[in-house]
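Construct the entire structure; sequences and hints are all you get.
Taken in order, these protein sequences are the chains called A and B.
In terms of our numbering, the first sequence opens at residue 1 and continues consecutively.
In terms of our numbering, the second sequence opens at residue 1 and continues consecutively.
It is worth saying that the hints were derived from the structure and are not from the lab.
Do not rely on the hints blindly, as some may be mistaken.
The calculated lysine-lysine pairs, modelled on PhoX-like cross-linking and capped at a C-alpha distance of 25 Å, are [what the hints assert, rightly or not]: (1) K295(B) - K237(B); (2) K128(A) - K268(B); (3) K235(B) - K71(A).
Residues of chain B clear of chain A, computed beta-carbon distances all greater than 12 Å [as the list claims (entries may be wrong)]: (4) K49; (5) T213; (6) P287; (7) K374.
Glycine included, each C-beta is placed from N, C-alpha and C at the ideal position.
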Amino acid sequence: MKEVKPLKEFEGTASYVLDPELRKIVNISIALEMPLLLKGEPGTGKTLLAHAIAQDLGLKLIVLNVKSSMKAVDALYQYDTLTRLNDARFGDSRRNVKNIEEYIRMGKIGQAFISESRVVLLIDEIDKADSDFQDDLLDVLDQMSFDIIEIDKTIKARHRPIVIITSNAKKDLSDPFLGRCNFHHIAFPSPEIMHNIVKAHFPEIEKNVASAVINTFYHLRRVPNVEKKPSTRELINWIRALQNDPSFKASQLGKDGYVPYLGVLFKKSLDLEQAKMFINN
Amino acid sequence: MFVPFFYELRANGIPISPTSFLRLQKALNLGLVVSLEDFYIAARSIMVKSERHFDVYDRLFAHYFEGVEFKNPLDKELEDAVRSMLLEWLKDPKELAKMLGLDPGEFNKYTPEELVKYFLDRLKEQTERHDGGSRWVGTGGTSPVGHSGHHPGGMRVGGTGGGGQAIKVALERRWKNYAFDGPIDASQMSEGLKRLRHLKPEGPKDLVNIDKTIYQTMKNGGEIEIVFDRRLKDKLKLVLMMDNGGWSMDPYIDVCRTLFTYATTSFKQLKTYYFHNCIYDRVYEDPQRSLRPRKTADFVRDDPETRLIIVGDASMAPYELGDDHGCIEYGEPQSRSGHWWLSFLARTFPHSVWLNPKTREYWEITAGAYTISKIAEIFPMFDLTLEGLEAAVKYLVRK
Chain A
1 MKEVKPLKEF EGTASYVLDP ELRKIVNISI ALEMPLLLKG EPGTGKTLLA
51 HAIAQDLGLK LIVLNVKSSM KAVDALYQYD TLTRLNDARF GDSRRNVKNI
101 EEYIRMGKIG QAFISESRVV LLIDEIDKAD SDFQDDLLDV LDQMSFDIIE
151 IDKTIKARHR PIVIITSNAK KDLSDPFLGR CNFHHIAFPS PEIMHNIVKA
201 HFPEIEKNVA SAVINTFYHL RRVPNVEKKP STRELINWIR ALQNDPSFKA
251 SQLGKDGYVP YLGVLFKKSL DLEQAKMFIN N
Chain B
1 MFVPFFYELR ANGIPISPTS FLRLQKALNL GLVVSLEDFY IAARSIMVKS
51 ERHFDVYDRL FAHYFEGVEF KNPLDKELED AVRSMLLEWL KDPKELAKML
101 GLDPGEFNKY TPEELVKYFL DRLKEQTERH DGGSRWVGTG GTSPVGHSGH
151 HPGGMRVGGT GGGGQAIKVA LERRWKNYAF DGPIDASQMS EGLKRLRHLK
201 PEGPKDLVNI DKTIYQTMKN GGEIEIVFDR RLKDKLKLVL MMDNGGWSMD
251 PYIDVCRTLF TYATTSFKQL KTYYFHNCIY DRVYEDPQRS LRPRKTADFV
301 RDDPETRLII VGDASMAPYE LGDDHGCIEY GEPQSRSGHW WLSFLARTFP
351 HSVWLNPKTR EYWEITAGAY TISKIAEIFP MFDLTLEGLE AAVKYLVRK
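So, in structure tokens, the structure goes:
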């Protein structure tokens, strides 16, 4: 692994509103070459952070979307036995059937390791897979290398990728895994920060409209017994919907139960009913 | 450097490995940390791996780096316990005055808040259970505007120059709501229950089995034969019995409802039954416990591999459990004692647990302590917290 020129510090981008605390954590993790594990409610921008880092530092982003049935080896490489079997039987491809290496395909982590330049590797929603997945990835992320058993070859990272891992679960990941990561929990943004986020997405929005919408939004987050509280993503979509409605009046918002497009914020029917009851009382 | 701080974090229950402490030293050596704010952030992100520990970290940090009194959460609990006890005793002021060694006349001058403080001071003098320096700070948690424990009164002003920002941030206690003791919520519940799934092949054969395909192809002398398998589906049978009667279960309705919702959405083969306080001859499929009864004895015909989860506070009068006529519900048939029926269920379903919405630390001191201990002899009992649910699920899935 040869060292590349030191990266500049991560500063945040125009479309991603960055908390100074988080910026420091990102930079410390990059300097220590440690994966950064991010937890927090859905919609607090965990995934977007990786995109912002890649954009700001001018690096390529490789995203591994973890699925529940995924095995760690799937993220590293795949040995395409069926194609090889097919080639062996019919022999009409240009691949050399005797050479197993031609049937090895790199998974997302493999791609990050063999990339010509340093990349940002996002392992998204790692909690979806079972804990074996995390345990199997431990050494890979620690050593930045893995073996392809079929051809007895070790793949070593050419450039140590910047690894960002996200998890939605309230449950903690396994201890050995946590031990190898830096950790941050992104809290739900305060109304002040939310103003900046809205501003970043809608530069044209009028101040009083933004205030009215954000106040109503935080009010609605207090609806009791809701399974999925509206998050930043829902707020952005809601503002988009409101802006496209010419009859929308910001000054009336929240008064006498006037909250249009409530369904954009509450996507489960039971939640929507709870919210309607909450508004009308 | 900062070794005592490290040990103090560990002593207060934050599981920090020496490796991560050394990693923090590395970060310090790399020159990444130039101010106390940096140190606050770096140390937390490198060493503290769960938001549930952030609050303890904040308080320890403030304590360690500015000499702010660190208030042990246990003290707060004690304070709450004292308050509820005092409120009970206040119904009989004379008795209480005698107990505290106060003149009844003088006693009346105190407000309940002052009484709590007085009592705690006395307690401390007597036992000295508290290590040096930490004082009972009477203001925490007692302010009527709800600043409970937010800003401990004993903060020493001054101290080190600079770094005030980090202390201030730490003192804001932003992570209070993430601390461990909060009640279990919906998503944690679904996380916990997911582990219960028991996958078995079912449905159409539409999944290629590569190993068998290769084997068959070789057997055929190279003629490809693709072998398909069935997909894995959850085949776990689950019976949930919930105590939904009586005022003693009222505080736990929300957490039980969440458990129920998640159990119904996660498991296809789930049956729910209801009972009041204890299980006798019948349980009911309807929450009103009147329309659709099922004989408890009939469960013997069910698959013994079925997992049984009973949810209840297990708190009742001893005769409700032990007496052959102990059922307090009028008109409810009863042939044997609740204890007998519970043992019967435990024999019928070897994989069974009792989930108690009362948290474990109260089991020995609550009004139902006797029946809780008796029932815990029949069923492994777990509390309905994240840790408890995990342990229960672990118990249920074992072979």
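Evaluated hints:
Simply put, K295(B) and K237(B) have alpha-carbon atoms about 19 Å apart, close enough for the 25 Å limit, and the pair holds. With a CA separation close to 20 Å, the supplied pair K128(A) and K268(B) stays within the 25 Å bound. For the hint linking K235(B) to K71(A), the alpha-carbon distance of about 22 Å falls within 25 Å, and the restraint holds. Not every beta carbon of chain A lies more than 12 Å from that of K49(B), the smallest distance being close to 4 Å; the non-interface claim is violated.
With a cut of 12 Å on Cβ distances, T213(B) falls inside the contact zone with chain A, its closest approach being about 7 Å. Distance check on P287(B): its Cβ is at least 17 Å (rounded) from any Cβ of chain A, clearing the 12 Å threshold; non-interface status holds. Distance to chain A confirms K374(B) as a non-interface residue, since its nearest Cβ pair spans about 32 Å, more than 12 Å.
Comparing the model with each numbered hint stated earlier shows that hints 4 and 5 do not hold.
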